[in-house]
Amino acid sequence: MVCNADVHLSPTSFSVKAVQGMFSAMEAKGNGAQPLALALTRHESDNVADAPLVYDYRGSHDAFILKPPLPLDVLAGVTHPQNCYQSENIVIHELKKGGYTVLNPCLDLILVHQHAVDLRQWRPSVDSSRYGRAHPMDSAAALRFIQNM
1 MVCNADVHLS PTSFSVKAVQ GMFSAMEAKG NGAQPLALAL TRHESDNVAD
51 APLVYDYRGS HDAFILKPPL PLDVLAGVTH PQNCYQSENI VIHELKKGGY
101 TVLNPCLDLI LVHQHAVDLR QWRPSVDSSR YGRAHPMDSA AALRFIQNM
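Just so you know, the sequence shown maps onto residues 1 to 149 in my numbering.
These aren't lab readings, by the way, just hints derived from the structure by calculation. Check before you lean on any hint, since a few could be wrong.
Unchecked claim - Result set (PhoX-like, lysine-lysine): computed pairs, CA atoms no more than 20 Å apart in a straight line:
hint	residue 1	residue 2
1	Lys67	Lys29
2	Lys67	Lys17
3	Lys67	Lys96
4	Lys96	Lys29
5	Lys17	Lys29
Note that the structure is predicted; figures quoted are calculated from it, not measured.
Whole structure, please, built from the sequences with the hints as guidance.
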C-alpha cells in the first residue's frame, strides 16, 4: 500500500479480508488475468456519510493497494514531482495503460483523512491529458466486477 501521509485505514470500516478476497479472485482467473490495483478515495472521518470527495467524485485518490513489483514502464510513466495536483490520476492512467484493472471500493473500505493543519502546498497539474479515474463502489461490487471479467 502506498498512501498520503495524512490518511489512515479506519479501524472500524476497513476490511483487510475484503481486500484479500479481491486479490484472490483476480489471481484465481489465472496467468492471463490483468493485475489488480485499488485506488481509494478518502473520507474525512470514520462516518460513511462524511465523504465529500466520494459523493461528489472528482477523481481524488489518497491510497493505492497493489502487489509488487510494478512493471518498469508503469514506474517510468509516473515520474513527476511530489505534491502535484492530479498526480494520482496520472498513476491511475499509467496503471490502466500497463494493463491493470483499477477499482475504487471506497464506499465501505474507509480511508480517513486527518489534515490537522490548514496549510496546503499546491503545484500545478502535471499532465491533464493523462487523467485516469476509478469511480467509487463498495467492496462487494468490486468483487462482482472482478468475477465477471
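Results of checking the hints against the structure:
1. The hinted pair formed by Lys67 and Lys29 meets the criterion: a straight-line CA distance of about 16 Å does not exceed 20 Å.
2. A distance of roughly 15 Å separates the Cα atoms of Lys67 and Lys17; the hinted pair therefore holds under the 20 Å criterion.
3. Distance check on the hinted pair: Lys67 and Lys96 sit about 15 Å apart at the alpha-carbon level, within 20 Å; holds.
4. With a CA separation close to 18 Å, the supplied pair Lys96 and Lys29 stays within the 20 Å bound.
5. Proximity of Lys17 to Lys29 is assessed by CA-CA distance (about 19 Å); at most 20 Å being required, the pair is judged to hold.
The structure meets every hint from the earlier list without exception.
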